[in-house]
Amino acid sequence: MSTGATARPLAVAVDPRAVRLRQSVVWVAAAVILVSLPHVFRTGAAVPVMNQMGIAVVFALSYNMLLGQGGMLSFGHAVYLGLGGFIAAHVLNLAGRSVVYVPVPLLPIVGGLAGLAFAILFGSFSTRRAGTVFAMISLGVAELLGASALILDRFFGGEEGITTNRAKAPLLLGLSLTRDRDIYYLIVFWVLLSALAMYAFSRTPVGRMANAVRDNPERAEFVGYSQRWVRYVSFCASGFFAGIAGGLFAVNYEILTAENMGLAASGTVLLMTFIGGVGSFAGPIVGAIVFTFLQSMLSDYTGVWLLYIGILFLATVLFAPMGLAGLVALHGPAWRARRIRRLVGPYLVTAGLGLIAAVGVIGLIELTHFVSTAATGATVKRLFWMRVSVATPWPWLAFAALAAGGAAGLRWAAPRAAAAFTSATAAAFGR
Amino acid sequence: MRTWTRLLLLVIVLAVVAGVPSHATPADPIRIAFVDPLSGPFAATGENGLNQFKYAADGINKAGGVLGRQLEIVGFDNKVSPQESLIQLKKVIGENIQFVFQGNSSGVAHAISDAVQKNNERDAANRILYLNYSAVDPALTNEKCQYWHFRFDAHSDMKMAALTDVIAANKSIKKVYIIGQDYSFGKAVAEAAVTMLGKKRPDIQIVGNELHPIGKVKDFSPYVQKIVAAGADTVITGNWGADMVGLAKAANDGGLKVPFYTYYAASDGITAAIGAAGIDRIRLVHETHPGNPNAPKALGDYITGYRKLHPQNDVNQPRINTGLNMLAQAIKRAGTTDVDKVAAALEGAEFTTLGGDHVVMRKEDHQLQMPVYISVHTNKNIKYDLDASGYGLSLEHKVEREKAMQPTTCKMQRPA
Amino acid sequence: MLQLVVFSLLNGLVYGMLLFMLSSGLTLIFGMMGVLNFAHASFYMLGAYFAYTLSQHLGFFPALLLAPVLVGLLGALVERHGLRRVHRFGHLAELIFTFGVAIVVGEIVQLVWGRPAKSYQVPAVLDVPLFRLWSSSFPAYKAFMLVIAILIFGFIFVVLTRTRAGLIIQASLTHPQMVAMLGHNVPRVFMIVFGIGSALAAVAGVIAGPVLGTFPGMAEVLGSIVFVVVVIGGLGSVTGAFVASLLIGIVQTFAVALNGSFGDALLAVGVPESASGPLHDVWKVTVAQVAPVLPYVLLVAMLIVRPTGLFGTRET
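One line per chain: the protein sequences are A, B and C, in this order. For what it's worth, the numbering used here labels the leading residue of the first sequence as 1, then goes sequentially. For what it's worth, the numbering used here labels the leading residue of the second sequence as 432, then goes sequentially. For what it's worth, the numbering used here labels the leading residue of the third sequence as 848, then goes sequentially.
No lab work stands behind these hints, which were simulated from the structure alone. One should not assume that every hint holds.
Stated by the list, open to error - Straight-line distance between alpha carbons at most 27 Å, and here's what the computed DSSO-like set of lysine-lysine pairs gives:
| no. | chain 1 | residue 1 | chain 2 | residue 2 |
| --- | --- | --- | --- | --- |
| 1 | C | K965 | B | K647 |
| 2 | B | K630 | B | K834 |
| 3 | B | K814 | B | K739 |
| 4 | B | K485 | C | K965 |
| 5 | B | K493 | B | K728 |
| 6 | B | K485 | B | K834 |
| 7 | B | K606 | C | K1131 |
| 8 | B | K811 | C | K965 |
| 9 | B | K728 | B | K575 |
| 10 | C | K1131 | B | K575 |
| 11 | B | K739 | A | K381 |
| 12 | B | K842 | B | K485 |
| 13 | B | K618 | B | K630 |
| 14 | B | K688 | C | K965 |
| 15 | B | K842 | B | K575 |
| 16 | B | K763 | A | K381 |
| 17 | B | K688 | C | K1131 |
| 18 | C | K1131 | B | K630 |
| 19 | B | K772 | B | K493 |
Just so we're clear, the structure is a prediction, and the values are computed from it rather than from any experiment.
Here chain A stands alone, though its shape is the one from the complex (with noise of 0.2 Å):
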């Protein structure tokens, strides 16, 4: 990037050969750490957790070719998963019973194309304004098409949705895929694929005037693009690759119901989006990793995980409106003003006491949980890998205590990191 390249303290022109270089290293390195994670991994929890989250992956890198790239806001980016993984479903029905040739592993494409034929025909009217008039018909058209997947039961099954079979299917070069293992493999050079096919739209010339119209349609009209048309295209290229998430959906689960198409879907896909950031190409994918996981793996600890959640979300939009990613891109330059060492002590003290913070919190939070719901007579709830008796106040009271102490040291040690952090910054640009 060329603000990086000017940013540098010895300023040596950057060989765009170079550049390409370390971007292909970057991939080559993904490949390889994801082809080796279910070696690294082997519970059996592990491999199923990391095909939903390739699926969210490609999933929430589609959407943000709306709302980062084109900045349109979308209520609705599910109906393109939803229903290209419906007709993907149908589709490997026909193949396993031999009335379409169409082995699993191209099922995808299959999801892709379908994803764009809906596209195509709902973005025609819905792409024509941007802004408060786009988030609404998406939302009416998720609303619309969640409703008629209930009443319209052949295609799409009813409440019970659509069931399939991969291991019916027509193999490929005689490659069996039906363990989640195999599986594993299709999503991850499926993800790799799309991620790659999306990061180059972002850099063709249409790719750079959704940019533009993002950021400012009058102007870009002047340039000689039609701005309807700027977003006509990246709607149906995001509505592409959300078809692809579906393709995969479909050959993962092997059942589609109304819920994938519904509004609580495409809202999951906008937070998990906003979470990782929505300003890099690498944000979504951060989100849609931590918020997959969330979501799967806090259920089994705590029956209020969803406020967790809540409070994440708010505690994202409050201290890092930028997100996941975007918070780590701000501190590119301190790094290579190779002045990121000075910023290690505030971080660690900060984090410390914010940690400090979260167990108060957490303990309050948990405790009442156990008092609103446990069986009466039951006084005693394992917590923190501690027995603590709620019948005391004891308990209560060190909890209140940690979030109070937690919190006051954050205000004195909060301000201390960002001030750190400004010089630190200010330092990489030479002032």
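Please build the complex by placing chains B and C on the supplied structure of chain A, with the hints as guidance.
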């Protein structure tokens, strides 16, 4: 900078996945998964179910456990979503748990049944058993039956047969209105009601057969107006949860004072919400003695013990105790927790429930054969009330097991 | 038949007025601050729960007054200490913030009041039929709901058009910078409007709780319908919200009341029924089944034909 973010991204992936819990070592207790909603709009039902499972397991553990091991119930939150259920099911398999109980929503049940069947076909080393304690779509033990699924509740056709018997015997009923939620269970109820009434009382007129979206109707008044306008003198509904509360409240407001024949109009706040308006008007079909009047002693003690632990909750699913005990008994008989052997031991197994009923797990379709009860909502002679409201259910009619039996179309595929 | 028409009209009015109480606050917030406030229904739920607890100690009518005041204050606090901080990060951040508030409120309600539905009942005075017509009765409580909603509409209308504060609010809707230039504290106007909007939602909760049920999912059940009302009526237009609420209330109620399916309609124009094929379901779909979908059809059609809504003056 870009390289740097991407590297960090990979580190995050590694860190996050490393956090995936790894307790795959076989623990000492026999672990049993409970996959049902523990958060969201239906959490009240799921949480009460989990508590009843834990209570039933305590009873078994106090009596010495199973094969010298204790039973441990592990809750998995499926958010009543078929998709989320499959994710949780994969976690269950990953944690080496072999027995899965689920009950809320037939839509979820179909998804789990299908996934369990595929898993057991593909991975004979990690088979699991699906024990359904509440999802009553008849299809699960008929055209969609499969070997690894066992049901411990009477399916909706068995219940409808009992309801229509009672309706047929009441000569004052002339015009029936059927209303239900628009999904497999609601449709199964409507279809069974029409066919069975047509056979038993061809003179009864079905004046309305309505399906409404599940969980989306805010105000039931328009539906109630339609029932009134149709001149119905009786209503049949399979509604549950908020849809049942809403329908009952709107009926009360709109002056619809006709009898209701229901599946789920009790507990989880519904009994309290209906209150005085439902006295002698709302009837319910279910699978165990309602506890009033003259509860069998074992059932009475069981309810009292549970209410001591959870004063705000009810024993609304005694079949949970039946299901868990039948599983424990099958594990004992098999002498192992091996799924193939336990499934074989469950086929044809017999058991005497808390209510004193003798029940049999039919081999042909894995549907528990049991008597069916019809009770009425009242506040007279209520020893065991519901929702701590003073109102409860009182027994009116019992259909014995032999009469409640329904034929099955199941062609069970047994593993070789 | 006449009975069905009369009572459907009445029920449609009641439902529409309930929608209006929810959307009147939302349209001001949306129109003024541009915030898609996903937490609005949470304030409605809080209103019902607060009133449930208060009415057990003080009775229904004091609760009707007190609960909205408390919720309004809470709303103002959320605006002052949350939304205002997020404001500078843009509308998307504000939207995510209200998402977070909705989740947190939903969970806290379950922690405090528990998960099963609460038995929040209509006060005994109003728990009588107002009149009986043919074989149906119309409860006095629903008439009371209508009266409250009309009073609220009158109140907002007078405040917005006849008072100085109302004129400032109206001016802030369209020209916030100009209003600030003139020396008015625009952030404070935002806070007050947000507080009043939340209080209005709470009023809806207080009076709808006993009829539609008081349970943790009551905000979720409401869903996105209030946004539909606001957009169809036109952003920031209270009159528009009023008309759109009544329109949607009555259309939905009548759609439920009607019998008949698309198959019947198609048959009437000479298209024979097709017994097979994936489109067979279309023939069986009844008007009642599509009733919940109709508002969204209206929404999409309205945005395509007239993006400003019925009474709105701008698109975003």
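Okay, the hints, checked on the actual structure:
1. C:K965 - B:K647: holds, 19 Å
2. B:K630 - B:K834: Holds, at roughly 16 Å.
3. B:K814 - B:K739: holds, 15 Å
4. B:K485 - C:K965: holds, 25 Å
5. B:K493 - B:K728: holds, 19 Å
6. B:K485 - B:K834: violated, 33 Å
7. B:K606 - C:K1131: holds, 24 Å
8. B:K811 - C:K965: It holds: about 23 Å lies between the C-alpha atoms, which stays within 27 Å.
9. B:K728 - B:K575: With Cα atoms ~38 Å apart, K728 (chain B) and K575 (chain B) exceed 27 Å; violated.
10. C:K1131 - B:K575: holds, 25 Å
11. B:K739 - A:K381: Judged against 27 Å, a Cα distance of about 19 Å means the pair holds.
12. B:K842 - B:K485: violated, 35 Å
13. B:K618 - B:K630: OK: K618 (chain B) and K630 (chain B) at ~19 Å, within 27 Å.
14. B:K688 - C:K965: holds, 23 Å
15. B:K842 - B:K575: holds, 9 Å
16. B:K763 - A:K381: violated, 32 Å
17. B:K688 - C:K1131: The given pair, whose Cα atoms are some 31 Å apart, is violated under the 27 Å limit.
18. C:K1131 - B:K630: Holds, at about 25 Å.
19. B:K772 - B:K493: Distance ~25 Å between K772 (chain B) and K493 (chain B) Cα, so the pair holds.
Of the numbered hints given earlier, the model fails hints 6, 9, 12, 16, 17; all others are met.
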